[in-house]
Amino acid sequence: MDKTVATARDAVADVPDGASLAVGGFGLCGNPMALIEALLDVGSANLSVVSNNCGVDDWGLGLLLGARRISTMTSSYVGENKEFERQYLSGELTVNLTPQGTLAEKLRAGGAGIAAFYTQTGVGTQMAEGGLPRRYNPDGSVAEASTAKGTREFSVDGVMKPFVLEEAITTDFSFVHALRGDRHGNLVFNKSARNFSPLAAMAGRICVAQVEQLVEPGEIDPDAVHLPGVFVHRIVEVGYDIEKRVERRTVREAEGAAS
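Take 2 as the starting number for the sequence shown in the working numbering and just add one per residue.
It is possible that some hints are incorrect.
In the SDA-like style, the derived pairs of lysine to any residue whose C-alpha atoms are separated by at most 25 Å in a straight line are [said to hold, decoys possible]: (1) K245 to G257; (2) K4 to A225; (3) K150 to S21.
Simulated restraints, written as ranges between beta carbons of each label pair [to be verified]: (4) N191 to T126: 30 to 38 Å; (5) P139 to E217: 50 to 58 Å; (6) E220 to R69: 13 to 21 Å; (7) G151 to A225: 18 to 26 Å; (8) E220 to E130: 50 to 58 Å.
The set of hints was computed from the structure by calculation and includes no laboratory data. This one's a predicted model, so the numbers in the text were calculated from it and none came from an experiment. Here a beta-carbon is modelled for each residue, glycine too, at the ideal position from N, C-alpha and C.
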């Protein structure tokens with residue numbers, strides 16, 4: 002039952018080339034940086050990564066992207082990474098752009114053993130009808146576009162409405178960062194770091210968690226557990242003093258200050 006691993010590098014050492022990977026975090030909040038940096042050091046390449054976003058040019062998943070380790074990215078937001086834009090538009094990166102709520106549910110469904118689900122999100126758009134560029138040619142033409150998804154009508158309050166069929170996501174591995182965890186893998190996340198992390202963890206066949214504080218079983222109140230240890234396979238303690246970044250720091254002048 003003790004799932005602890007000595008170092009982040011030991012925890013990710015068996016991630017092979019071509020692996021699929023779900024990564025938690027929301028923006029730069031809750032990024033499992035120790036695991037990402039360890040995977041960069043291991044050298045695994047041609048990765049298919051699923052995450053809310055791809056970090057920024059020098060942080061988060063942007064480190065793996067900048068080292069050309071990611072071949073396919075499934076995300077809901079990609080607006081803060083110039084290298085991501087360059088690789089996508091030059092045909093070096095395949096991108097599956099997915100609505101944020103749909104992405105969250107695809108991960109949750111994968112972890113829950115649900116093969117697919119219907120949603121109204123994307124009805125009447127390229128998300129459902131196909132044609133969304135997944136990969137470009139170097140000359141700017143579309144090399145590969147998304148295909149049409151299945152649709153079906155369901156009655157909602159007595160009115161028939163169209164829904165889009167979305168397939169669940171499962172991955173070979175998942176990486177998450179948690180505030181606290183015990184040796185059995187039970188995890189507690191901090192505020193918005195919880196948004197995608199439990200879902201990403203569930204989707205991975207092997208889930209690796211880095212935690213700021215490692216405690217003994219029983220020290221976390223069962224009602225406080227955000228992700229049960231049954232979903233976690235490896236856990237490594239990284240401490241409280243790890244670097245945490247903010248994408249855009251917005252401040253206002255103190256009241257009464259000169260304009």
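Q: Hint says 13 to 21 Å; check whether the CB-CB distance for E220 and R69 agrees.
A: Violated: the Cβ-Cβ distance is about 42 Å, outside 13 to 21 Å.
Q) Does the Cβ pair N191, T126 satisfy 30 to 38 Å? A) holds (35 Å)
Q. Between K150 and S21, is the straight-line Cα distance small enough, at 25 Å or below?
A. The given pair, whose Cα atoms are some 22 Å apart, holds under the 25 Å limit.
Q | Outcome for the supplied range 50 to 58 Å, where the beta carbon pair is P139 and E217 | A | 55 Å Cβ-Cβ, so the 50 to 58 Å window holds.
**Q.** 25 Å Cα cutoff - pair K4, A225
**A.** holds (20 Å)
Q. At the C-beta level, are E220 and E130 separated by a distance inside 50 to 58 Å?
A. For E130 against E220, whose Cβ atoms are near 51 Å apart, the range 50 to 58 Å holds.
Q. Could one say that the CB atoms of G151 and A225 fall in the range 18 to 26 Å?
A. violated (40 Å)
Q. Under the criterion that the straight-line Cα-Cα distance not exceed 25 Å, is the pair K245, G257 satisfied?
A. violated (31 Å)
Hint violations for this structure: numbers 1, 6 and 7, all remaining hints satisfied.
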